[in-house]
Amino acid sequence: MISWLKRFYFLIIGLFLSLPLIVVAGVSVNAKQTLAFPPQGFSLSWYGEIFANPEWRSALIASVVLATTSAALAVLIALPLSWFLWRRIAPWANIFQVLGIAPFTLPPVITALGLLTFWATTGFYGQPWTAVIGHAIFFVTLPLVTLSLGFSAIDRSFVEAAATMGANDRTIFRTVVLPLILPYLVSGYAFAFVLSLNEYIVAYMTVGFTLETLPIKIFNALRYGYTPTMASVTILFVITAAVIFSLVAKFGDLPKLLGAMASDEP
Amino acid sequence: MKREPPQSIADYGPLFFPAGMLLIFFVVPFGTMIAVSFFQRQEGGFYTPAFVFSNYERFLSAFFGGVLGFSLMLAVTVAICCVVLALPFTYLLSRLSRRLQVIWLVGLLSVLSLSEVIIGFAWSTLLSRTAGLSNLFVKIGLLDQPVALFPSFGAVLTGMVYQALPYTILVLYPAIVRLDPTLMEAARTLGSSPIRAFFNVLVPALRNTIMATLIMVFIFALGSYLLPQILGRPQHWTLSVLITDQAIYQSNMPFAAAMAVFLVLVTLGLVALTLLIGRKGEKA
Numbered sequence: 001m002i003s004w005l006k007r008f009y010f011l012i013i014g015l016f017l018s019l020p021l022i023v024v025a026g027v028s029v030n031a032k033q034t035l036a037f038p039p040q041g042f043s044l045s046w047y048g049e050i051f052a053n054p055e056w057r058s059a060l061i062a063s064v065v066l067a068t069t070s071a072a073l074a075v076l077i078a079l080p081l082s083w084f085l086w087r088r089i090a091p092w093a094n095i096f097q098v099l100g101i102a103p104f105t106l107p108p109v110i111t112a113l114g115l116l117t118f119w120a121t122t123g124f125y126g127q128p129w130t131a132v133i134g135h136a137i138f139f140v141t142l143p144l145v146t147l148s149l150g151f152s153a154i155d156r157s158f159v160e161a162a163a164t165m166g167a168n169d170r171t172i173f174r175t176v177v178l179p180l181i182l183p184y185l186v187s188g189y190a191f192a193f194v195l196s197l198n199e200y201i202v203a204y205m206t207v208g209f210t211l212e213t214l215p216i217k218i219f220n221a222l223r224y225g226y227t228p229t230m231a232s233v234t235i236l237f238v239i240t241a242a243v244i245f246s247l248v249a250k251f252g253d254l255p256k257l258l259g260a261m262a263s264d265e266p
Numbered sequence: 267m268k269r270e271p272p273q274s275i276a277d278y279g280p281l282f283f284p285a286g287m288l289l290i291f292f293v294v295p296f297g298t299m300i301a302v303s304f305f306q307r308q309e310g311g312f313y314t315p316a317f318v319f320s321n322y323e324r325f326l327s328a329f330f331g332g333v334l335g336f337s338l339m340l341a342v343t344v345a346i347c348c349v350v351l352a353l354p355f356t357y358l359l360s361r362l363s364r365r366l367q368v369i370w371l372v373g374l375l376s377v378l379s380l381s382e383v384i385i386g387f388a389w390s391t392l393l394s395r396t397a398g399l400s401n402l403f404v405k406i407g408l409l410d411q412p413v414a415l416f417p418s419f420g421a422v423l424t425g426m427v428y429q430a431l432p433y434t435i436l437v438l439y440p441a442i443v444r445l446d447p448t449l450m451e452a453a454r455t456l457g458s459s460p461i462r463a464f465f466n467v468l469v470p471a472l473r474n475t476i477m478a479t480l481i482m483v484f485i486f487a488l489g490s491y492l493l494p495q496i497l498g499r500p501q502h503w504t505l506s507v508l509i510t511d512q513a514i515y516q517s518n519m520p521f522a523a524a525m526a527v528f529l530v531l532v533t534l535g536l537v538a539l540t541l542l543i544g545r546k547g548e549k550a
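Residue numbers (the numbering used here), protein chains in the order written: chain A, 1 to 266; chain B, 267 to 550.
Any given hint might turn out to be false.
As the list claims (entries may be wrong) - Negatives, chain A to chain B, calculated, CB over 12 Å:
hint, residue
1, Ser43
2, Phe51
3, Leu113
4, Lys217
5, Pro255
Unchecked claim - In silico lysine-lysine, DSS-like type, Cα no more than 30 Å apart, as pairs:
hint, chain 1, residue 1, chain 2, residue 2
6, B, Lys405, A, Lys6
7, A, Lys6, A, Lys250
8, A, Lys32, B, Lys405
9, A, Lys32, A, Lys256
Stated by the list, open to error - Over 12 Å on every C-beta distance to chain A, these chain B residues come out as not near it, computed from the model:
hint, residue
10, Phe319
11, Gly331
12, Ile406
13, Ile435
14, Val443
15, Ala452
16, Ala453
17, Val467
18, Leu468
19, Met477
20, Pro500
21, Ile543
The hints are simulated quantities; they were obtained by calculation from the structure and are not laboratory data. For each residue, glycine too, the CB sits at the ideal point set by N, CA and C.
Take these sequences, add in the hints, and give me the full structure.
Have a look at this one:
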């Protein structure tokens, strides 16, 4: 009885989480421009539309460029910071760890409004590159968390061995530390990339009128009614996220990254 | 190479870039926002430096009181629904084989990373008249003809629970995985049914985690911005919507900033409460 109840509960939660996406997937293959489910006819042309229609294509390119660069910048901020906190005893420097985590903990509208007032005051409001900095600051939490986990997992005796053999900090970092934390670095980048791809409010408040990212484009299109391209973009995003997280799970230790214990646990 | 305090300025080198970026692009904007919240608004969307409390006084109106009350009520409801749904689920998840756990985690992360726009669009499709659930109800004879189930409060709540549920599960997950499995085994050996053991052993053991999770999900739900707009009517708009509306469409930056500062204070108060609960938990 209990195992039946268990399965039923998994099924209900699974359905709740997947049902909206199943319907959207169905809608995205409608042959005509209708919002109908079950789909009438079958066509993949709405997926082609993302790349063929200049408006959707430029939104896609804007989003991918923004996510690629802002995630890189987030990692560039997080890596030296978490390395420093691991290498040195400097308790006051932990304040920067807190500052890195704060934007992600507060409601996003606050980071968005802070950046909006800042760019308006400094006169850069609306410049596309301001969104890169905005997203990097907003998502720096993710590489910071994965990298701190990575550093705490390093066996310091490796590093001591290297130092005893005469390696300096730079060599140790390149030959010992970097290879050990690379999986954490990559997953931090991946998390920041996927979330930046989906982020709306920070991008909207800082560059909403000059740069149309995909989420902004979908919302603008939603106001003027329905086009099936929204459905195909949604499915494209879900698949992208699922593929990236599966890769993280394949090459890293997902339960451990999410805070559970190491893989020798049951 | 032991951990050691920095000896020279050069040792601080790696800190310069991250510290600079965080100070310039987080602390300074945050300060700017607080400063602007005390500025005087001019007609036509500009504002001049001043030190006035008039932006904060506007909270005292019935309209903003209503919006604030609604935002808090909505976030509390979302937090409770999510924790009630997620707690048994996360426990069952932690008992699954590692392979199945990873598959669920990938799915949860994929849903969690979805843009609010996409969640809003997906639910508005599912609740629509032409492609939605009501067609299914018509087929099985529950309804005479398909109806649109949004905009409505139920739709906003469903969308927000959908958005926050994966987050809730992932916040509960580490605590539940680390829970001593012998606790439940002892309860079972002593003859309690799994459901009784869940409520009488697991839930009390996780009391502090549950409280902390409720607060974290509450803060997460406070940030929801697009779902109330896509799935609700104007009376379902939250403080986040109002802040953006004042900043972008009404060009009233000082008032938007004052509301944001207020939202920060509410959030920080709750974070402090979470930490306090966590500390109490360690002592107990």
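Here is what the structure says about each hint:
no.	hint	result
1	Ser43	holds, 16 Å
2	Phe51	holds, 19 Å
3	Leu113	violated, 5 Å
4	Lys217	violated, 9 Å
5	Pro255	violated, 6 Å
6	Lys405(B) - Lys6(A)	holds, 29 Å
7	Lys6(A) - Lys250(A)	holds, 27 Å
8	Lys32(A) - Lys405(B)	holds, 23 Å
9	Lys32(A) - Lys256(A)	violated, 46 Å
10	Phe319	holds, 18 Å
11	Gly331	holds, 19 Å
12	Ile406	holds, 15 Å
13	Ile435	violated, 9 Å
14	Val443	violated, 4 Å
15	Ala452	holds, 17 Å
16	Ala453	holds, 14 Å
17	Val467	holds, 16 Å
18	Leu468	holds, 15 Å
19	Met477	holds, 17 Å
20	Pro500	holds, 14 Å
21	Ile543	holds, 16 Å
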